[in-house]
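Protein chains in written order, with our numbering: chain A, 844 to 1092; chain B, 26 to 489.
For the record, the hints were derived by calculation from the structure and aren't laboratory data. Even for Gly, the Cβ is constructed at its ideal location relative to N, Cα and C. You may find that some hints are simply not true.
[Stated by the list, open to error] From chain B, some residues computed to sit far from chain A (all C-beta separations above 10 Å):
1) 78
2) 105
3) 162
4) 191
5) 198
6) 256
7) 325
8) 397
9) 410
10) 415
11) 416
12) 424
13) 425
14) 429
15) 439
16) 456
[What the hints assert, rightly or not] Just so you have them, the derived chain B footprint on chain A, three or more residues with Cβ under 8 Å:
17) 864-877
18) 925-932
19) 1023-1033
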Amino acid sequence: MLTINNLQAKVEDKDILKGLSLNVKPGEIHAIMGPNGAGKSTLGNVLSGRDGYTVTGGEVLFNGKNILELDAEERAREGLFLAFQYPVEIPGVSNLEFLKASVDAVRKHQDKEPLDSMSFLKLAREKCKAVNLDQNFLKRGVNEGFSGGEKKRNEILQMMMLEPKLCILDETDSGLDIDALQVVAEGVNSQRDPNRSFIIVTHYQRLLDYIVPDFVHVLADGKIVKSGGKELALELEEKGYSWIENGEA
Amino acid sequence: MTEVASLTAVDNTAKIDFSQDALAFVKTQAHDAGLTEVRESGLAAFESLPFPTRKTEEWKYTSLNALTKQNFNQAAQNFDLEDASDLYVIDELDAYRVVFINGAFVAELSDDITVPGIEFTPFSQANDAQRAIITTHIGNIAETRRNLFTALNNAAVEEGVLLHVAKNVQLDKPIQIVNIVSQQPQPCTAFSRCLLVLESLAQATVIEQFVSTAQTQNVLLNQTTEIQIGDGAKLNHYRLHTEDESSLHFGGVYVDLNRDSQFESYQVALGGKIKRFDVLVNHNQPGSHCEMKGVYLPKNDQHIDIHSYIEHISANCTTDETYRGIMADRAKAVFNGRIHIHPDAQKSFANLSNKNLLLSNKAQINSKPELEIYADDVKCAHGVTVAQLDDQACFYLQSRGISRPEAEIMLSFAFINELLESIPLPAMRKKLRPLLAQQFSADEALTQHILDEDSGVHSGDEQA
């Protein structure tokens, strides 16, 4: 599904990723944990194609394609999805027209017929229900005036509508109370599929109580310094990141 | 500084003296005796106003050089009716309509309206009672000291349209007043006039629509609208400028508000070669309310200049003014919004917001909000922003598979969408959405989602 080899990237003149490698197979859930400033969000941004990040070395193969050569929208159409840490508010663009434009673009890329208005609306309403968002949110401006939890649920709603192959959740748990966290986790779990993989970037172990990962990686100073099973997350929670950073492990 | 390009290749002859020619021109026009007074005062006002230069404050960012390169002070000749049909149609709008081409009334395209309580007629067809209304009001609302084109319009006043709504009468249908300019063999000037009088507690919706027949235009339209809104009366006013980009328009809307009256105005304007209009609102009596929403969208090399003046003369009046502009390519816009609170206008509430989006490095906006306050118990605010498209929002849309060009169009449209949504006439919203979306791209694939009736915020009020 996704192979990252020795990825190096910088923002402005600062090296952030310094040789990161990761291999994600279909159906797997990988958690990436790490202290602030380790490069967690940079990884999501580089993978999704955000401007302002310069890849200086390494390669990223997504289903065999070198996605670093693709624009952000092309990566999304290939099936890569980034759930934002801070979803953007866009007044004047309704959530529904945003979703329709997205779904149409992705389906077109897959040579599928566009959904007609009625089936699309039906689907959108179903998914709203699944993430516990009122249908009125479809008519509102994208994320406009949404609470933190509503914004994150809206991200999951988009994920459900687009049915991506690889989902990167960038600190989706930050700023969520336990109820919102559970809704988000349930949404993610409902999307688990032998053909869909997840990379869950998080600072805290808490989310992993609800979304159980197959692998946990520790990202520090731009590299993965330790990998293990789900029990690694618990160990990190207990001992803190200094345990890794100080090389005691 | 770039000068406004002229319509056709211009010879090397000396500059034309616009003012001198204009005076000579209006004096040659046939006049009917009833309007002599306003014409004479208009002439006097025009003679006292110097032709604007870059040093004239009211015209600082709008060059009138184009008017000195060709002689526009000639009468328009004939026109072809065929060209005019369909230009002004607003689907699903059931309205009383009058049509003027190059300032002349066109009976063939106009409705014959006889509704009790309403006088709606071109000046040329007015009966004695209607003429009495015209002479009572005309020239009394428009202000000539700031705008030479309004002075000139007074000096030339002849044809126009009167709407008078009697006390307590509510119009059952909107009024649609269409001004068409039609290309002529030589440059020329057309004068147009509109007088709207609402007696106390009357209500009406009036659409002033400006269109042109061809890509290239050489008719200068000089248009003045005067509006009197009686005690407790309410006017919903629309001003739609969708002329072709080579058009020349000099307009003015002058409004007198009486006690507890309401003026709601929606102004939508594409750019022109030179398009300038002034909106002046006088809160003459306590308790009146003015709400103005405007959108301007110049592109290519177009120019648009909007000046608004709100005079809070009496106490307890409110003004809520919002203008948004999107400038593309090398287009230039000017917005000047002045709110003047007079000494007796205590408890005034006034808000002015002007937001601008620049889509190119060469596009320009000159925005100047002015608040002048001489009363001490008032609440007033103004704000201006100038921005470019938000990269973060653009990336957010792209990260969901939406192409960069479509993302940019969605975000541009979103910038004016809020104002479009507030338009109370559904037929008007339906007309404007595709028309304005087209300004951003002629490619339907890029505008289909913002125009999707089923998925927009615009499908708003209907059931979920």
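If you test the structure against every hint from before, which numbers come out violated? Hints 10, 11, 12, 13, 14, 15, 17 and 19 are the ones this structure does not satisfy, whereas the remaining hints hold.
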